[in-house]
Amino acid sequence: MKKIFVLVIAALALASCNMDFYSSDSMTSAQLASNPSSAVYTTDGIYSLLQDKIAYKGQSGGESGNYYIRHYFQLAELRGDNVTVSGKSEDPFTDAYMYAENPTTKNIYYTWWIAYKMINAANSNIAAIEPGASALSDHLLGENYFFRAMLHFNLVTLFAMPYVQGRDNPGVVLRRDLDISTTKRATVGQVYDAVVEDLIEAKKYLANGEAERIKAGSKAYVSLDAAKALLARVYLYMGDDQSLQNCINECTDLLGHAPSSVTTGYDFADYPTHTYDHPETIWCLRLDENHEWASGSAEASIASMYIKDGNGWGEHYWREDLIDNFHRYPQDKRFAAYFVMPEYRGQGYPETEKVTVVFPIKTNEKTKACSDGLVVDCKKSADGSVVFKYQSKDYTAVPTIVNTYTEYYVNDASFPGVKTDGKARVYIRPNITRKDGVRNNMGGDYVIYYCSKFSYQDGLPMMTSPVFLRWGEVVLNRAEAYAKTGRETEALADVKTIRDRAGLTGEAEMTATNYKSRGYATVLDLVLDERRRELCYEGHRMFDVFRNNLPMDRHYVGCHDWEVIQPNDPRIALLLPLDEINSSGIEQNRR
Amino acid sequence: MRRIYSFLLAVMAAAVLAIPAMAQQKITVSGQVTDATDGQPIIGAGVMISGGNGTITDYDGKFVIQAPSNATITFSSLGYVSVSEAIGGRTVINVSLAPDTEALDEVVVLGYTTQKKAELSSAVVSMSGEKLRDVATSDVGNMLQGKVAGVVVMNGSGQPGDNADIRIRGTGSITAGAGPLYVVDGVAGGSFNPNDIETITVLKDASATALYGAAASGGVIVVTTKSGSDDKTHVEFKASAGIKKALMGTFHPMNSQELYDYTRSMYSKALFNLRYPESLLEQDFDWVNNCFKLGMVQDYYASASGKSGKVNYFVSADHYNEKGTLINTNFKKTSGRMNLSIPVTDRLTMSLRLNYAKSYDQGTSSWRTLEYSYYAMPWDVPYVMAQDENGNWYSTGEYIFMSGKTRSDNYGGGTWWTQNPSNVLHSESYNYSKGHGESLTGDLQFVWNVTDWLTLTSMNRYDTSSSFYEFYGDPRTYDYAGTGGTLENSDGEWTGWGTTDLAKFHKTFGDHDVNAIVGWEYGEGYSRSLGASGIQFPVGQRSLSNTVKNGVSGSDYKSRSWAWLAQAQYSYLGKYIVTASIRYDESYKFGPLNRGGYFPGASAAWIISKEDFMKNSFLSFLKLRAGYGKTGNDNIPAFQYQDTFSLSGQYNGSKTAILERMANPNLGWEEAYMTSLGVDATILKNWNVTVDFYHTLNSKILLQAPMSPSTGFFAVMDNVGKVRNMGVEFAADGFIINNKDFGWNLGFNLGLNNNRVLELPDHNDIVMNRGDVNQIIREGEDIYTWYMPKWLGVDPANGLPMWETFVPDLDESGNPIYYIDENGNAQTKMKSGVTNLYSEAPQQMVGTASPAFSGGLNTTLRYKNFTLSANGNFVVGNKIYNKNREQMDSDGAYTGLNQMSINNGLGWSRWEKEGDIATHPALLAARPDGSNGTSSRYLEDGSFFRLRNVTLSYNLPQTLIQKIKMSNARVYIAADNILTLSRFSGMDPEVRLDGDTYHHAGLYASNYPVPLSVVFGIDVKF
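Respectively, the protein sequence lines represent chains A and B. Note that this note's numbering has the first sequence beginning at 1, numbered continuously upward. Note that this note's numbering has the second sequence beginning at 1, numbered continuously upward.
For the record, the hints were derived by calculation from the structure and aren't laboratory data. Here the structure is a predicted model, which is why all the values come from computation and not from measurement. Heads up, some of the hints might be wrong.
As the list claims (entries may be wrong) - For lysine-lysine, the following PhoX-like pairs were computed, each having C-alpha atoms within a straight-line distance of at most 25 Å: (1) K57(A) to K1021(B); (2) K57(A) to K26(B); (3) K307(B) to K913(B); (4) K423(A) to K269(B); (5) K393(A) to K269(B).
What the hints assert, rightly or not - Rough simulated footprint, nothing fancy, chain A against chain B, three-plus residues with beta-carbon under 8 Å: (6) 634–647; (7) 676–690.
Beta carbons: idealized from backbone N, C-alpha and C, even for Gly.
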């Protein structure tokens, strides 16, 4: 009996079953590596990570809007001075806009985490792809070098102080191999050096096998031109004389084979509807009908905050004096193409006999934020002034010529609009700004003007293929580098290229003789102002201002503080995610 | 049989206890002793006169005895609760005895084995199914709430069909599931209808659960379903129906006037007058009362049991129907069971058990429906409004479509005030989110009594279930106008089979009794899912084939488990009992190196009351027991040890691969070592008291260990750290009065648990982040410790918020003071300070989500045929984070969301002028200081007492029901959740007390509150 018992136990203990199981909807690295095109899958994975919503700590469903591109474009643009945000939204983009970001919000941690996830993927691909094996594999290798550079560059521009504030400032974590066992912050200089080095590598490999990867006309994949254009941007941001010359060289190289549309121009309103095969694009992230923004999650798109048309929230508006900046040359095609009054899409900026007066007014007595005051149905008098009644008192908006352009001021101590030097600037708008166009529930009151730069791909208001690199920027990068290295004629010529294609010819041309009278102290000022108009809402403005060591004037309507941000303000570097600080103990950005 | 057995025992008892009575004035007392449940006479019941002699009842339950007229008679019978009656000069005394379900000879089902309750050597609580069914729910977890010491049940949602969370003796796990293992009719897993439960047994300590090894670290709940027993056919019908209302506690959103006044005080006058017309006060829509309606619950049940030929049978059918209090939430379930037991030979019995259930459930079509029932502004009326000829507005009764700030009907100036531009009531009237599922569990069991000391059993189960989910987003609604409608279908199926084969030995040698089992288990499972969605279809279209293809998904996987187990028990003289067990498990969830786990357990018991020196003690029963055991936990998702790429994405028409996870080939079992010591006693023959002490050490805890996000991973599943739970449990119940007409029973249980994190990798803290709310796992602290800026109140001088910050401590001359830390570095001495800016306030530990203690009490009052019973539960000493207040108590940060009224009886006040001592900062539109940021400001005392259930029932008189051939008939009215005592400002302080990977324990957001319900029911037995 006892023997049988022992035997049974022994038999049971020895009975071993196969316990290896695999999920059918994922693959282990070993399974994937056995696939001949695994490098294509994992490189395309980086494009996927730019556009997909990946669950961070299990938060997939509840965290709408978690897309790298959406966060990136918002973090880069909203901290500039083109956008008015009307009030605190549950979406943390408002925190970025207010320069009061919180290190636990999703735009902070997700942007950081996904960037490193993509960098890891690039590192692993760079380690796995043998150089020179085929034209295709070399191109893939180049793409991975490009992404490693671009992502480190995006991180260092968002999470560290501008390069011009010092190479030794804390940068971001630099990851260029598969070892992730230690985590420390490199300096800004070290990060830039690595970015430049990687882009030079990227150029080398992308020069091979172009035809294999890039289908005719498609701008969906990173190309040799993309690597050159990004390298030009990086050199421009570095700003020392050698880098500026390098920038000019890269741009000149690129512009030597630029498509004709760079000079002849194109239909600006049509451009966002098909950036993916448009000659203006150098590289965009190709979103197609399979992307969430084309269906269920349209209201989490980039466009959803810029416009409201069926879907969308419409919470980012044009800053008032940017409208005037464009409107001094009403023939500017870019303005007509992208400026949208709610419910008057396609009408651009009409001139009407009756006008509306808009002006900043303190939200309350304590905060520094401002809302819009609004008076509709006014008329211009013969002398150009506008008399309007606000809270049962009459005021006069007096036209004043400032730098060849008409601005309007109310000079009356009792006027509740915000005053500078005793005068309150007001803005005269077409009176199709309907009263119920006012969004009045978000902590203030705002007159709404939408921007359509990210809308209407395939007719869908919320869809676009976001452009990372395009020819207009290349021209203006060279213009800025010329301006800063004293080659004003060349700089003005590049500005002319951009202005010509926007329809700003003849009287509107900026020349060496007229730019000062038009309010620009230097050619660089003119270049930066042109950059602002050309690239507004595309995530450049903040970097443009701060890399030139200029202050950013944020005296305009919005829920942010009414202040000037100096180029050395520590708030320019976003707080690092608290999860990063808590787990790796690296140094947090100062405040 | 029971009655004859009792008769014999009682004869012996009477003989032993017969003592000559004192001569006194005696009268003749006669009467009948009956069973309180069915009115049948009790044969052989003891009838004892205080301090004197006694007799027993005859075959009609009748007795005649001589007794002093002022004496007291005690009626007793085995299996019944004794009743004492003062004679008070009466000559006829009839009593009915209630069955004692806690009787010590009761056999407790432990899953693999059964055991006499008296001889249990580990912490086990068993109760009859009848005791559970006093609350109106379909979930057995809810039924257990407040009834077992050390078992905390929390019901975080009022969604019909949702299950409560059950935690037995605290939480030692973080990522891995810590819920109990259900064992149904001897096999782990399976489904059952609560109405079919014969008994339920909770195994609390590891000496009992170790035999279940894997997944038993959260305790084991053993469910035994009813079976046919005697020759008589028993038929039972039960029906209940009632209404439910959502509990909102002290919470209420502002009404129109409150919101108007609130808004006015935070704007400049000029702006307010311009933007907020006084006509707003004419609109006052109560969104909560329109999104929440009266709910309904119904349950109809029928069963029959008995014996037909040689076959014992039990069959039942049940239909449960619940309509939730939140619109468009409901749950329906129809189930049936058949249990057959067939003697094949006189030594071999075959049992067949089948359980089938089909359920339908519906939730709201969007999370916004619940949130915006609280957030939507009272100035927004959801109906299309029209004007009559006199210019008066009236509702057309049709919901208005909103997609922006402008109302098409121009009502109220044409503005929509709520931040969300859509009207959730409009969306809910078109869109839906529905599911249904069915499950079938079939058991085939053989019991072969090979010899009188050897039994072989084979329990085999086949288990299959399927589910289907459908989402419809109508093209006419705000959310789906953009896609032209969205339709989603998904289905899934699960099939599993398993076998448990045991050899059981039992032999008695004189005073020695030996029991042993040895066996093995094997199981396989297969699951599969498929989902598809389409967009752009005509209104009302319900077929995916008529949509534009949008997405597809699918997966399948297999699983396998196997184990062997052995247990031996030795008992000497029926009072010294020793048990030891061991189990070996393999889990496919771990890497090849760490799949196996050994789980031993041992326990001992000493029934002290059986010792001679305990004779005549006031303790009629006393047992001391001690146990030690180890259990394992592999309750994590599959494949966590592998590095895997997700291929669900695509780019530019091609599939993409994204690395989801790092490999961890060393991943292995989480282990729990539990030591426990307990005492069971019966005091004064009536009060059953149990006291337990336990100490549980969880080690190699399975945790999604946070990684720095700059590695590209936020976490890796790993075995890290040690957590200790220790505690005391106390339970007592008994009768205060129990006689024929009147009975009063009281029960009380209490569990104190203390949790500490003992060890972490490199002693580093782990910050668990959920949204922007953090808890910290730190050595020496409770596992659920809140970590956030500390709120210091409102500055009386200026109404600004204050948080604690730390500033350098300065000496008299204003220089910082330094000290040398343990590493020899100079550090600046810091002291507590105050900041008005949220961004300057550091995170710190500010309390725990774990309660200090919890428990329940219950009581039953019986008067003649009426019974009034009540049970309540309480939780004390936990902190709840009320995240809802970040939006709804935001001091002006959100002006497009309705705010909660601070006039809620909790003593809250708003700062208005200098010198005000207030709980709430001054109002400021678009405030920049972050007063509503996550901080201890919104951390509230989570203690509460809840009167869980009150039931009044009436048993129809036997004389009446016997005429209509019934054996019993009972009608009752039951009320759930009618009283909650709490200082919590949200709707309901009952929040989840456990965390999981990414959900904090004690985090309260916009929850679906549990309902108050009133149910009327009738039970009839034939």
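> When you check the alpha-carbon spacing of K57(A) and K26(B), does it fall within 25 Å?
Replying inline: Judged against 25 Å, a Cα distance of about 81 Å means the pair is violated.
> Are K307(B) and K913(B) close enough, with their CA atoms no more than 25 Å apart?
Replying inline: Measuring from Cα to Cα gives roughly 81 Å; hence the hint is violated.
>> Just to be careful, I want the Cα atoms of K393(A) and K269(B) compared with a cutoff of 25 Å; is the pair within it?
In response: The hint holds at about 15 Å.
> Between K423(A) and K269(B), is the straight-line Cα distance small enough, at 25 Å or below?
Replying inline: holds, 21 Å
>> Under 8 Å between beta-carbons, do enough residues of the segment 676–690 of chain B, three at least, approach chain A for the coverage claim to hold?
In response: violated (count 0)
> Holds or violated: K57(A) with K1021(B), Cα cutoff 25 Å?
Replying inline: violated, 53 Å
> Taking a Cβ-Cβ distance under 8 Å as contact, does the segment 634–647 of chain B have three or more residues in contact with chain A?
Replying inline: Check passed, 8 qualifying residues.
Violation of the numbered hints given earlier is confined to hints 1, 2, 3 and 7; the remaining hints are satisfied by the structure.
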